[in-house]
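Novice: Chains as they are written, first to last, in the working numbering: chain D, 1 to 495; chain P, 1 to 150.
No wet-lab data here; the hints were simulated from the structure.
A hint or two may mislead.
As the list claims (entries may be wrong) - Cut-off 27 angstroms, straight-line C-alpha distance, at most; resulting in silico cross-link-like pairs (DSS-like, lysine-lysine):
hint: 1; chain 1: P; residue 1: K89; chain 2: D; residue 2: K481
hint: 2; chain 1: D; residue 1: K36; chain 2: D; residue 2: K57
hint: 3; chain 1: P; residue 1: K68; chain 2: D; residue 2: K435
hint: 4; chain 1: P; residue 1: K115; chain 2: D; residue 2: K481
hint: 5; chain 1: P; residue 1: K77; chain 2: D; residue 2: K405
hint: 6; chain 1: P; residue 1: K115; chain 2: D; residue 2: K405
hint: 7; chain 1: D; residue 1: K435; chain 2: P; residue 2: K115
hint: 8; chain 1: D; residue 1: K435; chain 2: P; residue 2: K91
hint: 9; chain 1: D; residue 1: K481; chain 2: P; residue 2: K91
hint: 10; chain 1: D; residue 1: K481; chain 2: P; residue 2: K31
hint: 11; chain 1: D; residue 1: K429; chain 2: P; residue 2: K55
hint: 12; chain 1: D; residue 1: K58; chain 2: D; residue 2: K36
hint: 13; chain 1: D; residue 1: K138; chain 2: D; residue 2: K226
hint: 14; chain 1: D; residue 1: K103; chain 2: D; residue 2: K123
hint: 15; chain 1: D; residue 1: K138; chain 2: D; residue 2: K123
hint: 16; chain 1: P; residue 1: K107; chain 2: D; residue 2: K435
hint: 17; chain 1: D; residue 1: K447; chain 2: D; residue 2: K429
hint: 18; chain 1: D; residue 1: K103; chain 2: D; residue 2: K125
hint: 19; chain 1: D; residue 1: K481; chain 2: P; residue 2: K124
hint: 20; chain 1: D; residue 1: K443; chain 2: P; residue 2: K124
hint: 21; chain 1: D; residue 1: K266; chain 2: D; residue 2: K310
hint: 22; chain 1: P; residue 1: K31; chain 2: P; residue 2: K68
hint: 23; chain 1: P; residue 1: K31; chain 2: P; residue 2: K77
hint: 24; chain 1: D; residue 1: K367; chain 2: D; residue 2: K226
hint: 25; chain 1: P; residue 1: K139; chain 2: D; residue 2: K447
hint: 26; chain 1: P; residue 1: K89; chain 2: D; residue 2: K429
hint: 27; chain 1: P; residue 1: K31; chain 2: P; residue 2: K55
hint: 28; chain 1: D; residue 1: K310; chain 2: D; residue 2: K367
hint: 29; chain 1: P; residue 1: K115; chain 2: D; residue 2: K429
hint: 30; chain 1: D; residue 1: K347; chain 2: D; residue 2: K405
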Amino acid sequence: MTKKQLQFDRLLAVFHQQSDYVTAKSLSEQLNLSEKTVYRLVKEINQNYFPDELIIKKRGRGFKLNKLKEKEYDALINFDQNDFTPANRQLQILERLLTISPKKLLIYDLAQEYYVSDSVIMKDKIEIQKLLNPFHLKISTRTGYIFITGLELDIRRALADLIPTFSMIDIDDLSNTSNQSHFDFEIANVILKEIEKIETDLHAELPYPYNVNIFSHLYIMVERLKMSNHKITNAKIVDFKSKDYDELLLRESQKIITDISGYLGKNIDDLEINYLYQYLYSSRFQLSSHQQKVEFSMRVISVTKFYLIKMGMMQAETITEQSPMFIDLANHISPLLRRLDNKIYIKNNMLHEIKVCYAEIFNKTEKVSLEMTEQFGFSMLSADEIGFLTLYFVRFRELNQLPIKAVVMCSSGIGISELLKLKIETTFKNLDIVKVVSSQTIKETLKTHPDIQLVITSVSPQETLNVKVVLVSALLTEEDKNDIQQVIKEINYGK
Amino acid sequence: MANDLYQYVFNQNLTSREEVYDFLASQIESKTLTQEEIKGKFLEREALGSIEIAKEVVLPHFEGAISKNKIIILRPKDTIANWSENVEKVKIIVAIVVNSRVNVEVKQKIQHLIKNLTDERFIKLLMIGSQTEIRNYLKNNLGEKYGVTK
């Protein structure tokens, strides 16, 4: 729940306990907010209930809840505590329309349900269209109805990508997952059991993000099947008569679709088997080490090599096709290429953090990925995919990393710097303290040792140095250690 | 002479940084530097960055035109309150002064002392131990070959 949603919630809770007017001052004290914030919150809440007001204002007396709306308010708090912002309402409408697409909803009904006017729903429509654009889907209105149209695969993709439930899902414990209004725990549990069956049958684990990906795929499939009988119209059909398919995975796909068909009491088109097969085939199973395949197709080997060379991983050591690093990356590249073949999208919940923490490596991976797609003729990788790849290179760099060459500086280079050197060497194994120097000789040292990247000093440097400098105390406090760690990160990841 | 490197001064009646530096300056021999100048060297170093190396322990030091390299371990009679703006209490002063022609042997001895200064047990011993105990500790840790305890 966002901070603002929490504020809405608390404000309404106060009103709910009071029958008379409450002054802004009293509200501000009870909620520990400024009076200005109280006014702003009231205004925002009322905007959502235009033309009526949920909170009535009376000059000189303050605010109170609209008694006529009391029933609706009760319904509201039971409905969902997150529903007060327009963005949340739009997401909910989006989810409902996507799930039932191409079926329609009455605009009037939606407006009633969310306590807003028809014109607010029309404004929502514009915002929803913006979200749908990347998926080539269209939201339209006709004779009082609102609906989304587009290809089945695009609708499923949009559901998987846009609906927060799927990015917040906690596969290990569904009860942690969400208070999403439309999340069906029964279906979720059925699907989780199916995923467990796959893992048992294949003696392999389906790690994150593949488990979430398959889960979302199946959940959306069931939701869509419950609504209608839409066939996937643009899935690439795998010709199972041709030799190159995984019989085990096909059998699993058939089993799961049969199970779900039984659960729903509904026939499911064979196309869904095909589609699920593609998902499974595009996932990476965590096999125990003796099961781990070390044979890869030529294109997987070529693409893996391409990445390792272009990302500069071959410089520090010779990597052969048998190297653990090569196998590790190829094990990721193999299903990745299948995802590109089958246009299967995968969501990366850590994307934002990856972009922030490893900006330099992420950008480089993005650039190399573009070159890769051009050279090998694939469609461009999504940012989510690039994020996952980035993590491999971050890890490889850490494994491969030579210690950062550093010097410790002090005024004379005899006392504190020696002490610091000892303390730093004990704490930071990834630093190689080349020398202990005095501030008089630092420039000279940097000239003769161009590989030095870091100066750790107990005295403020009198002139600017061309390398990173951290000023620490001889005590080497926790704060000092954090500062050094931060600079090491900056050097390693170009943050 | 290597065995003159260490000097232990305990229970001296010193109550401020000023008095400590005055005292240290009086113990350091130099043909070219006056006592005031030696004191100035210590203050100069401290102005550049904190010399506190452990809780209540400071390490004043400089390299300059002095006649004899010296390590003075000083434990004043009472804790010095308000040593400086940044350092509050001081119980132990380990002063190191060397000249620019300092040889490898002395350097090694200094390094070994400093290694001990990163050890909390040694710091504790500096606070409460007798001169002999400290000597012995250094002897065991530094080894006879450096001749520190003779």
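Novice: Hint by hint, say whether it matches the structure.
Specialist: Here is what the structure says about each hint:
1. P:K89 - D:K481: holds, 23 angstroms
2. D:K36 - D:K57: Given that 27 angstroms is the threshold and the Cα spacing comes to 15 angstroms, the pair holds.
3. P:K68 - D:K435: Between P:K68 and D:K435 the Cα gap is close to 25 angstroms, so the pair holds against 27 angstroms.
4. P:K115 - D:K481: holds, 19 angstroms
5. P:K77 - D:K405: At roughly 44 angstroms apart (the allowed maximum being 27 angstroms), D:K405 and P:K77 break the hint.
6. P:K115 - D:K405: The hint holds at about 21 angstroms.
7. D:K435 - P:K115: Holds, at about 16 angstroms.
8. D:K435 - P:K91: violated, 31 angstroms
9. D:K481 - P:K91: Judged against 27 angstroms, a Cα distance of about 25 angstroms means the pair holds.
10. D:K481 - P:K31: violated, 42 angstroms
11. D:K429 - P:K55: Measuring from Cα to Cα gives roughly 25 angstroms; hence the hint holds.
12. D:K58 - D:K36: Holds: D:K58 and D:K36 sit about 16 angstroms apart, inside 27 angstroms.
13. D:K138 - D:K226: holds, 22 angstroms
14. D:K103 - D:K123: The given pair, whose Cα atoms are some 20 angstroms apart, holds under the 27 angstroms limit.
15. D:K138 - D:K123: It holds: about 15 angstroms lies between the C-alpha atoms, which stays within 27 angstroms.
16. P:K107 - D:K435: Distance of about 14 angstroms is within 27 angstroms: holds.
17. D:K447 - D:K429: With Cα atoms ~25 angstroms apart, D:K447 and D:K429 stay inside 27 angstroms; holds.
18. D:K103 - D:K125: Distance ~16 angstroms between D:K103 and D:K125 Cα, so the pair holds.
19. D:K481 - P:K124: Distance ~23 angstroms between D:K481 and P:K124 Cα, so the pair holds.
20. D:K443 - P:K124: violated, 38 angstroms
21. D:K266 - D:K310: violated, 50 angstroms
22. P:K31 - P:K68: holds, 10 angstroms
23. P:K31 - P:K77: violated, 31 angstroms
24. D:K367 - D:K226: The given pair, whose Cα atoms are some 42 angstroms apart, is violated under the 27 angstroms limit.
25. P:K139 - D:K447: violated, 39 angstroms
26. P:K89 - D:K429: Between P:K89 and D:K429 the Cα gap is close to 33 angstroms, so the pair fails against 27 angstroms, i.e. violated.
27. P:K31 - P:K55: violated, 35 angstroms
28. D:K310 - D:K367: holds, 10 angstroms
29. P:K115 - D:K429: Measuring from Cα to Cα gives roughly 17 angstroms; hence the hint holds.
30. D:K347 - D:K405: Violated - the C-alpha atoms of D:K405 and D:K347 are around 38 angstroms apart, more than 27 angstroms.
The earlier numbered hints that this structure contradicts are 5, 8, 10, 20, 21, 23, 24, 25, 26, 27, 30.
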